[in-house]
Amino acid sequence: MQWSSESTQDARALRAPIVLPSPNAPASTVDAFGLGHRRPSTAAADAFRTLALTVDRLLEESDLRSVVVLSAQSGDGRSLTAELLALALSEIRPPVRLLDADPFHSTVKDAEIALDLVDEPAGGPTYAVLTLGRELFRNQGDFLSATKTLLHRANEGGATVVVDVPACESSSIPFAVARMASCAIYVARSDSQLSGLHAEIRAQLDLLGVHLLGVVFNER
Amino acid sequence: MDMKMFKLALRHAWPAALLLMLAALFGSYVYVQKRIPPTAKASVSVRDPLTINPSEYTAAQVAFDAIVKSDRLAENVQKAMGPGTPSVAGKLSVEVMIPSNGINISPLYVVRAQDPDPKRALTMVKTAVDEARKLYIQLNQVGSSQLASVDRQRVQASNDLAHATVALNAFNAAHGGDVGTQLSTVRAEFAGVSDHLAQAKADLATVQRVSGGTGLSAANARVAAYLTQLNDTRAQLMLLAALEPQYQNLASELSTARTSVQQFDTLHASLAANAAQPINDQIKALDDATMDSKALMKILVYLLGFIVGLLAAMGAIYLEANRLRSREGTEHVITALCAPTLGRIPRRAVVEVK
Chain F
1 MQWSSESTQD
11 ARALRAPIVL
21 PSPNAPASTV
31 DAFGLGHRRP
41 STAAADAFRT
51 LALTVDRLLE
61 ESDLRSVVVL
71 SAQSGDGRSL
81 TAELLALALS
91 EIRPPVRLLD
101 ADPFHSTVKD
111 AEIALDLVDE
121 PAGGPTYAVL
131 TLGRELFRNQ
141 GDFLSATKTL
151 LHRANEGGAT
161 VVVDVPACES
171 SSIPFAVARM
181 ASCAIYVARS
191 DSQLSGLHAE
201 IRAQLDLLGV
211 HLLGVVFNER
Chain D
1001 MDMKMFKLAL
1011 RHAWPAALLL
1021 MLAALFGSYV
1031 YVQKRIPPTA
1041 KASVSVRDPL
1051 TINPSEYTAA
1061 QVAFDAIVKS
1071 DRLAENVQKA
1081 MGPGTPSVAG
1091 KLSVEVMIPS
1101 NGINISPLYV
1111 VRAQDPDPKR
1121 ALTMVKTAVD
1131 EARKLYIQLN
1141 QVGSSQLASV
1151 DRQRVQASND
1161 LAHATVALNA
1171 FNAAHGGDVG
1181 TQLSTVRAEF
1191 AGVSDHLAQA
1201 KADLATVQRV
1211 SGGTGLSAAN
1221 ARVAAYLTQL
1231 NDTRAQLMLL
1241 AALEPQYQNL
1251 ASELSTARTS
1261 VQQFDTLHAS
1271 LAANAAQPIN
1281 DQIKALDDAT
1291 MDSKALMKIL
1301 VYLLGFIVGL
1311 LAAMGAIYLE
1321 ANRLRSREGT
1331 EHVITALCAP
1341 TLGRIPRRAV
1351 VEVK
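As given, the protein sequences belong to chains F and D, one line each in that order. Position 63, counted from 1, in the first sequence is what my numbering calls 63; the numbers after and before it change by one each time, with no gaps. Position 188, counted from 1, in the second sequence is what my numbering calls 1188; the numbers after and before it change by one each time, with no gaps.
Hints in this document: simulated from the structure, not taken from any laboratory.
Label pairs and their computed distance ranges (CB to CB):
1. F:Leu-197 / D:Tyr-1029: 45 to 55 Å
2. D:Ile-1036 / F:Glu-169: 55 to 65 Å
3. D:Arg-1348 / F:Glu-169: 24 to 34 Å
4. D:Leu-1022 / F:Ala-203: 45 to 55 Å
None of the values given here were measured: they were computed from a predicted structure. Quick reminder that beta carbons are idealized off the backbone N, C-alpha and C, glycines included.
Construct all of the structure, not just a fragment, from the sequences and the given hints.
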């Protein structure tokens, strides 16, 4: 099955080694995530420190320390939220891995797939950006399998993983990844008028058994 | 925006809206003070010379409105108002009002003076009208030197006329009378003889064909006589035609000299009439200097300021309504998702690092 739909039949992907374009490459920094020469403002850093404390406390009850950042549409501020949350979490409970699991609109420009960092969190950096490039996978099934593998390895290494996924409206990947992770955060614009769409997404998440922690409003 | 939202936004944003309204009105006030200063005006009628003296019309050399706009008048007004008077340049203006009836073409000039001090504006416009009148008279009055100059040219033209007359008369006398008249007479005579000869030749041909010899000698004699007369007339005509260019030249010189004399006579009479007529009679002050209220203009400026302020206030209320609506939007999202609010991404979430 190709990228247009999910695949569950290709179980070999879980066992297959992940191709690393540059295994010895240094961990990507926040610059590589698309912010360039920008940093969180003081207000944003404070807001996300508070959010990180909340998320950290909620994750304490979970075995799998991973949180998926969801939103209804592209442009809602999902990637920014994922990145700022990962940075804030790395301050209070390192190591943290930010996983870019959006194969369609990846915001990562130069990040490398650095699975070895996940395997050795004690020796690795407190914060790293990981990406799953679409071109490395034959179909969506392989992509999801790789994502699952990354999540498990990162958790086995004691890292907290924040996952950025595509918009819920445009792909099934966010639902699949949310099911793998321990919980989810939903990002919505503060002037959003899509109550119906939000309700539908919530119903779908409930059916999948996803634990939705709460909503982050984007006021930009 | 519904009425409920409008009222809610108005309750929140009324200080900003009021501030914007006051700012706009204050802006209008500043504009009125700076751009619409007190203005005094006086109107002056400069009667057209055609109306004063229809038989001897000459237009003014320098128009009254041009004088009011001149720097020289500004300087004269400043001097006349005494030392310490600020520069008058640019403070005087004039509006020309042409009568609508089209018969009396004497225009009305409304002279205006702007100055922050109303009293000084009044003095300025009074002085400007007096000084403009003096300058107008000075520039347009016909002087004795002007008349003398025209007289000199008129005498010269008369002399030229006399010389041309003498030359033409002498030429005619030397050639037996007016050459032009002689030419006309001989040309007419030549044409008549030619016609007669043609008729005589036709008669001769008829006699030869019809009568077969009777009356032939008489017809021949008539043809011969006309031929002789035609040759004589041709010789006379050729003699006169040779004289014709010289005659035309002399006649043309005479005609030119006569026209020139007539023109100088007309100009002299016109100038003399203008000199005899005092030019200040042409200028009549119609309205004395008064303050020009410009109330309508000020009302319009304040009205414009009010409208701008109102629009700005409405804009502020609209923005506030949008802000309130976005707050309302978060409540919708929370209700739809049945999840608590974890946090907010502020408007300025990232900053540039150089």
